[in-house]
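S.K.: For chain A, the structure is supplied; the task is to place chain B on it using the hints.
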Amino acid sequence: MKEYKTIQEISGPLVFVEVDEPVGYDEIVEIKLSDGSTKRGQVLESGEDIVSLQVFEGTDELDRSSSVRFLGETMKMPVTEDLLGRVLSGRGEPIDGGADIVPDERRDIIGSAINPHAREYPDEFIQTGVSAIDGMNTLVRGQKLPIFSGSGLPHNELALQIARQADVRDDIGAGEGDEDEEFAVIFGAMGITQEEANEFLEEFERTGALERSVVFQNLADDPAVERIVTPRMALTTAEYLAYEKDYHVLVILTDMTNYCEALREIGAAREEVPGRRGYPGYMYTDLANLYERAGRIEGKEGSVTQIPILTMPGDDDTHPIPDLTGYITEGQIYIDRRLESEGREPPVNVLPSLSRLMDDGIGEGYTREDHGDVANQLYAAYAEGNDLRDLVNIVGREALSERDNRFLDFADDFEEELIDQGWTTNRSLEETLDISWDLLSTLPKSELKRIDDEFVEKYYVEEEAEEAEATA
Amino acid sequence: MSKAETPDTEDGGRITNVSGPVVESKGLDARMNDVVRVGDEGLMGEVIEIEGDVTTIQVYEETSGISPGEPVVTTGSPLSVELGPGILDSIYDGVQRPLDILEEEMGDFLDRGVDAPGIDLEKKWDFTPTVEEGDDVSEGDIIGTVPETESIDHKVMVPPGEGGEVAEAKDGKFTVEDPVVILEDGTEITMLQEWPVRKARPVERKQTPRTPLVTGQRILDTLFPIAKGGTAAIPGPFGSGKTVTQHQLAKWSDADIVVYVGCGERGNEMTEVIDDFPELEDPKTGKPLMSRTSLIANTSNMPVAARESCIYTGITLAEYYRDMGYDVALMADSTSRWAEAMREISSRLEEMPGEEGYPAYLAAALAEFYERGGRVETLGGEDGSISVIGAVSPPGGDFSEPVTQNTLRIVKTFWALDADLAERRHFPAINWNDSYSLYKSQLDDYFADEVNDEWAETRQWAVGVLDEENELQEVVQLVGKDALPEDQQLTLEVARYIREVFLQQDAFHDIDTYCSLDKQYELLRLIRKFNDLAFDALDAGVPVDEIQNVDSAPRLFDIPTEDDWEPLAEEIDEGLEEDFSELV
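Read top to bottom, the protein sequences are chains A and B. Going by my numbering, the first residue of the first sequence is number 1, and it counts up by one from there. Going by my numbering, the first residue of the second sequence is number 473, and it counts up by one from there.
Bound conformation, chain A alone (with noise of 0.2 Å):
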């Protein structure tokens, strides 16, 4: 492997070495600086005299005099089952003080698209626990589900706790055979404090579930070129649990808003053309190629389901980074600013929500026989009453039917009773519909339309109904 030391420029992440030996595309190069210390990089362009890199761990210190020696090799990962239970660095080194890794295997971290073809259905259920995802925008394996939220608003609270109490059913519906098989959860983070790392970190030790773990930390002082790689080793370490060790992963990662940020970050260092706000153009077939990994292939066992968390900038889900993962992701969790400050724990907005694979996943067979119908219903009434809230303010409740006063008291009851379940408790599916039920009980029957007579005879509590009925 021969060293270069004919650096010709140095410009943001980017460093420009000039060849005499053809070099491929995308590989992994290593920069020896004067003072003996190693930074790594990656292939961006490959020409016949001039390649261009992208350094990793940031381009200071370098000098022309460095020396670049180009590895022949793309990006490996190295997995192994051992990886469980570590803390590693954003590009895959332990940080945690352990054993060096041996790994079973390296592997590419670009990975390959599955074939369409090879892919398995997701429809099992997964409980989180959570009523406003388990009821309403439900989970399954195999799913990437994203976190919308905003600054300063507790998604990481959200996550940790679909993190400790995600569970697949196996008393009911599709999860049969599966004997309590807990979830592996794969921890990447992207330009996220020290603090909001260790509160994961402290908080997995806790409960025990670090080591089912792997945790991969790019922090905030990281060099944020890195933040390129540390989702695809996370994915990578995934996909080698999932397929070839047949566990069920759990992949969380966050904040995939300092991931784009990065990526604009080279695109710019590169004069690349932008496209909208100054994000590079091929972000969508980027973020695709991220979070396309989820899923689950005909004949394997096991499963890759995403939970990408994502901050909005000034809360606009119209902004290029929450667009683009909405068009890519099977739906979306919104966390909402108001919910918050009214101390809803988790402050989910259902009606943005959706889970675009819920309908294969619920029902008989599934979870429950009414749990479609009342999932529709629920966003049906909470809509009409939420929409009420507006026409309030202007002529207050008396100008308001009867019939709209009660939409107006589901609308504040549903908040209360079912979003509002607090961060430590852990509702099963059947407690999330016998509240759900509960709340749809106070409207009169004759406004269940979108549930099956049959259910309504079934569920409709009379007591909730009189009593309602009373207070009216």
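FYI, nobody ran anything at the bench for these hints, they're computed from the structure. Incorrect hints may have been included.
Dumping the calculated EDC-like pairs for lysine to aspartate or glutamate here, alpha-carbon to alpha-carbon at most 20 Å [stated by the list, open to error]:
| hint | chain 1 | residue 1 | chain 2 | residue 2 |
| --- | --- | --- | --- | --- |
| 1 | B | Lys-953 | A | Glu-384 |
| 2 | A | Lys-445 | B | Glu-577 |
| 3 | A | Lys-449 | B | Asp-1030 |
| 4 | A | Lys-300 | B | Asp-583 |
| 5 | A | Lys-449 | B | Asp-982 |
| 6 | B | Lys-953 | A | Asp-390 |
| 7 | A | Lys-300 | B | Asp-747 |
| 8 | B | Lys-953 | B | Asp-1030 |
| 9 | A | Lys-76 | B | Glu-965 |
| 10 | A | Lys-449 | B | Asp-1023 |
| 11 | B | Lys-953 | A | Glu-402 |
| 12 | A | Lys-449 | B | Glu-576 |
| 13 | B | Lys-498 | A | Glu-45 |
| 14 | A | Lys-445 | B | Asp-1023 |
| 15 | B | Lys-953 | A | Glu-447 |
| 16 | A | Lys-300 | B | Glu-576 |
| 17 | A | Lys-32 | A | Asp-63 |
| 18 | B | Lys-498 | A | Asp-413 |
| 19 | A | Lys-445 | B | Glu-1018 |
| 20 | B | Lys-991 | B | Asp-906 |
| 21 | A | Lys-245 | A | Asp-82 |
| 22 | A | Lys-445 | B | Asp-1011 |
| 23 | A | Lys-300 | B | Asp-580 |
| 24 | B | Lys-498 | A | Glu-21 |
| 25 | A | Lys-449 | B | Asp-1035 |
| 26 | B | Lys-498 | A | Asp-387 |
| 27 | A | Lys-2 | A | Asp-60 |
| 28 | A | Lys-300 | B | Glu-575 |
| 29 | A | Lys-2 | B | Glu-542 |
| 30 | A | Lys-449 | B | Glu-972 |
| 31 | B | Lys-953 | A | Asp-82 |
| 32 | A | Lys-449 | B | Asp-984 |
| 33 | A | Lys-300 | B | Glu-922 |
| 34 | A | Lys-445 | B | Asp-1017 |
| 35 | A | Lys-449 | B | Glu-521 |
| 36 | B | Lys-953 | A | Glu-21 |
| 37 | A | Lys-449 | B | Asp-978 |
| 38 | A | Lys-245 | B | Asp-580 |
| 39 | A | Lys-449 | A | Asp-387 |
| 40 | A | Lys-449 | B | Glu-577 |
M.R.: Leaving out everything else, chain B in the frame of chain A:
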């Protein structure tokens, strides 16, 4: 994919630069748009720019590890698809490689450098000639049939540019490469044709479409119909139901052939189609839906260059079946991903960008694509059509962006999906105020003949009520519903029935997922009957509360989900009469 054979001459060049899917080479003697093999692994690519000695290539596969100095060879022909029996009931990637064969050859993940023919070259098909010795045939003429699937007979045609007197017409089992008809001049015609995807297949002439593509979706068929041979766009923000709508059209529309192009969309969604379609029945023939369908799946994480080409691959397959005289429906989900793929390649070429970074030729490319749809008289004198239905995914749900705008200038039907409706779980979330169809007048004759003379008038009535509701809603927002005069309250009530009974349709309900034209008309007629009786009652002095509480009206909600709906509709019809005669 076709064109895999090694070139006869050594026209090879060397790679000089690699940047993602864009590769530059020197010394390559290739024409614009020729397919080339790149690198030691022979990755598939296409020439997209020639400047002096430097040829720029877009590569359809991942280029990691490819380095300058590796060879590039041309195949000497443009990106083409193979056309012949075996296209239906298949699932291809963006360059017509069958995904099931790729799975066998490279496992669960898509590797690179693997080639597979788009059509099984070994399989023998049962060919029955429809011409005999001495017949004169010209390009596009049908010379024989092959039972391709349970429901579709494949028609073997004289390839464009060929023709003459038939010397021999064979009968029996042949592979697609065996000659089945031999002409006097010695031309051998096989069941296999090749066609470059970027070039439209020739037709005799274009015709005005006059029959609707019946979709079984109430809001589409009644309010915003599309013609067989028409074009439609479905724009909408994420989560508003574009894909579900496309799936519904692919499942229920009364086209003979469906080509479904999943362009840059989700892997799991394609899997759903792959899993579902073989089990669903074609509403027309009762045969498995897959037997009339060809799927092209190029998911968002598959190489971007193949995403650019998959739309062309799809429309070429559609044109081929149109030429046989079939009505073809092409669904493209989503054209925005296709436009973005163009943008991505264009920006890597450092072309001067147009609006929002899209290439300046975006509008031309979109127009060219939609223009390949339409109802035509084929070269062989058949009547065939392609209905093109393109989903658009505007960033941030903002319809003013270039892809939506340029699409709207071309298509004649516009189904605007609305995030607000989706949020309140009103599905299909098609906004009735923003959507339109320019085919209405040319299709009204059909509806009058086939369904009811009153069709157009009833539709107009419903549109009028919805418009009025839209205006009233603004007032209601301010003062509340009860402050309105009684007749306006009643209008709101009628509009509610139109919205909740008629416009809403549950795609996941076994019965409601498809609604026949007769049922659509009857449903709307009953709502109108309620309207007429209610206003008569109001005029007679009956308070609006009582009108709203008649027993029969809410039963309208039961019709959509009722399989045997006619007796129920009759019962409700009588019920309404009785209820109101009691009131007045």
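S.K.: Take the hints in turn and mark each one as holding or not.
M.R.: Here's how the hints hold up against the structure:
no. : hint                        : result
1   : Lys-953(B) with Glu-384(A)  : holds, 13 Å
2   : Lys-445(A) with Glu-577(B)  : violated, 57 Å
3   : Lys-449(A) with Asp-1030(B) : holds, 10 Å
4   : Lys-300(A) with Asp-583(B)  : holds, 18 Å
5   : Lys-449(A) with Asp-982(B)  : holds, 17 Å
6   : Lys-953(B) with Asp-390(A)  : holds, 14 Å
7   : Lys-300(A) with Asp-747(B)  : holds, 17 Å
8   : Lys-953(B) with Asp-1030(B) : violated, 26 Å
9   : Lys-76(A) with Glu-965(B)   : violated, 64 Å
10  : Lys-449(A) with Asp-1023(B) : holds, 15 Å
11  : Lys-953(B) with Glu-402(A)  : holds, 12 Å
12  : Lys-449(A) with Glu-576(B)  : violated, 49 Å
13  : Lys-498(B) with Glu-45(A)   : holds, 17 Å
14  : Lys-445(A) with Asp-1023(B) : holds, 14 Å
15  : Lys-953(B) with Glu-447(A)  : holds, 17 Å
16  : Lys-300(A) with Glu-576(B)  : holds, 16 Å
17  : Lys-32(A) with Asp-63(A)    : holds, 10 Å
18  : Lys-498(B) with Asp-413(A)  : violated, 71 Å
19  : Lys-445(A) with Glu-1018(B) : holds, 19 Å
20  : Lys-991(B) with Asp-906(B)  : violated, 25 Å
21  : Lys-245(A) with Asp-82(A)   : holds, 11 Å
22  : Lys-445(A) with Asp-1011(B) : violated, 31 Å
23  : Lys-300(A) with Asp-580(B)  : holds, 10 Å
24  : Lys-498(B) with Glu-21(A)   : holds, 16 Å
25  : Lys-449(A) with Asp-1035(B) : holds, 18 Å
26  : Lys-498(B) with Asp-387(A)  : violated, 64 Å
27  : Lys-2(A) with Asp-60(A)     : violated, 23 Å
28  : Lys-300(A) with Glu-575(B)  : holds, 14 Å
29  : Lys-2(A) with Glu-542(B)    : holds, 19 Å
30  : Lys-449(A) with Glu-972(B)  : holds, 10 Å
31  : Lys-953(B) with Asp-82(A)   : violated, 65 Å
32  : Lys-449(A) with Asp-984(B)  : holds, 15 Å
33  : Lys-300(A) with Glu-922(B)  : violated, 52 Å
34  : Lys-445(A) with Asp-1017(B) : holds, 18 Å
35  : Lys-449(A) with Glu-521(B)  : violated, 60 Å
36  : Lys-953(B) with Glu-21(A)   : violated, 78 Å
37  : Lys-449(A) with Asp-978(B)  : holds, 13 Å
38  : Lys-245(A) with Asp-580(B)  : holds, 16 Å
39  : Lys-449(A) with Asp-387(A)  : holds, 19 Å
40  : Lys-449(A) with Glu-577(B)  : violated, 51 Å
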